[in-house]
Amino acid sequence: MSASTRSFRGTAAVLPAVVLVVVVVGGGLGTVVLQSLGLMPFVGTPELSVDAYSALGGDLWRSVVLTLSIAVVSTALATVIGLAAALTALSGGRTPLVAAGLTVTVPHLIGAAAMALLLADSGMLPRILGMTDGGWPELVGGKWWIAVVAEYAWKESAFVAVVVAGTLATRVAAFDETAATLGAGRWARLRLVTLPLARPALIASAAIAFAYTVGSYEVAHILGRPYPEPLSVMAIRLFTSIDLQTRPQAAAAATIATALTVAVAAVALHYLRRSAAWK
Amino acid sequence: MNRVEVNRVLPAVGRSVLVLWFLLPLIPVVLWAISNRWSFPGSVPQEWGFDGVRSALDAGGVDAFVRSTLLALAVAVIATPLGALAARALVNGSVRFPAFVAGVLFAPLALPPFAVALGLDVLVLRSRIPSTVAVIALLTVAAIPYTTYLMRVAFGAYDIGYEEEARTLGASSAMVLRRIRIPLLAPASAGAALLAFLVAWSDYVITLLIGGGRLVTVPILVASFAAGTGNDSVVAALSVAALIPPLLLVLMLARLRRRSAR
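Sequence lines, in order, name chains B and X. The first sequence begins at 1 in our numbering and counts up one residue at a time. The second sequence begins at 1 in our numbering and counts up one residue at a time.
Chain B on its own, in the form it takes in the complex:
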């Protein structure tokens, strides 16, 4: 086979997937950006403007701060807990990893329903703990978005655990034995062997979890409070409102959410490139 036939075949093989992604993502996000800038109005002539963004005013920034806070806290928790579960699997006990594998298969919407049954003031936890006389803190729909953060941290920690354990399983054992033979203690092996090997998978899975949290809707919708709203909840409320005038504002909120996840992906890629074990 000549080089050009080979390259033609290779290009033809990636084409179906690439075309589908480009058409769907390009079409969807292109429309959202154009709509947010007033270039795709339902009625009237297209005109470039940032009215949709300014119409959201201070609420937009409150939503950005809230979205980022929820994502940062839940991703941090998920990363630490997920890493801990992956590390326990190395030292022999695989039960946490099996439990994480079960949690990974739970749809987020079901997870949200489950958290409500567990953490609401009539949920299972206050009943078991006997805090049924009004002393239970407002975890669902409360000021601090605890149930929302708990759901993301729960689901994404399972994801991080499975991804990190998957990469560690194939690589750590040999290096770890060598280091132990050379006299490295438990702590030194963790710091100098295991963590550097886990780093790329940890960065990638944390970034995916973060992007997921920013782009997720149902968890905050079910377990959150009406105001202020995360960007996704704001966008979908405005999008499904009977007032067609708010469509560009919905598109503006969606555009900002996209910008946030793209920025985080760029940061993650930067750190992935710098970590030596990345292939």
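Check before you lean on any hint, since a few could be wrong.
As the list claims (entries may be wrong) - Derived Cβ-Cβ restraints for the label pairs, each shown as a range:
(1) X:244 to B:39: 42 to 52 Å
(2) X:252 to B:129: 32 to 42 Å
(3) B:39 to X:17: 49 to 59 Å
(4) B:241 to X:17: 42 to 52 Å
(5) B:266 to X:17: 29 to 39 Å
Stated by the list, open to error - Going by beta-carbon spacing under 10 Å, a handful of chain X positions derived as facing chain B:
(6) 28
(7) 44
(8) 85
(9) 94
(10) 147
(11) 182
(12) 183
(13) 236
In case anyone wonders, no lab produced these hints; they're calculated from the structure. Glycine residues also receive a C-beta, built at the ideal position from the N, C-alpha and C atoms.
For chain B, the structure is supplied; the task is to place chain X on it using the hints.
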């Protein structure tokens, strides 16, 4: 306690806490699904039974279950070969601009699905594409990063030597495909298909926005009940139903992996 005991007890405590963390949220769901009455503030259900399951069946639970399954199967059937084709070309280095192609295929991971769905919904309305087709297309796009990644790892570890050996021994192309390539790649393809199935099975927001309420899947049904009050046992019964298919598939995949490892 002396040092040795601490070293033995601490990891065991840590493991138990982690297992509890992963399993605790699922316990009330399972309890609610098999109780008829669990009034506040009882810490265990007062009356066990399957009223929730019955209400879920009456509310169209079976139809939603079939619809969810078909949707997830469609996405798995499309996203797995697309990912496998792209992954093979990326691994054997025959693609021009490989970094760009990989970037495009992994991009859906970094983009909010609701934003893509909002825009796509407008296009679907204007172009009159059937909304189910658009839902399948968008879910396939969401699954492609996972199928591509898993198949890329599989092709990267694939030893072409087996194929060459078989050829030397006189095997035809069809035989090589049937006896060598498919068996060797089966566990990875099954894993990729499972992830694609999960992406579609778990989705709520894409089906909601583009399906426009006409495509009633299990998550859509759960959400409509969860929005009201007093539906705890129906929500729980539907939730348990939503947990079973992925769980069965994970167990089947684990068996396939063990068998092919032997």
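Hint by hint, here is what the structure shows:
no.	hint	in the structure
1	X:244 to B:39: 42 to 52 Å	46 Å, holds
2	X:252 to B:129: 32 to 42 Å	39 Å, holds
3	B:39 to X:17: 49 to 59 Å	53 Å, holds
4	B:241 to X:17: 42 to 52 Å	44 Å, holds
5	B:266 to X:17: 29 to 39 Å	35 Å, holds
6	28	4 Å, holds
7	44	9 Å, holds
8	85	4 Å, holds
9	94	3 Å, holds
10	147	9 Å, holds
11	182	17 Å, violated
12	183	21 Å, violated
13	236	7 Å, holds
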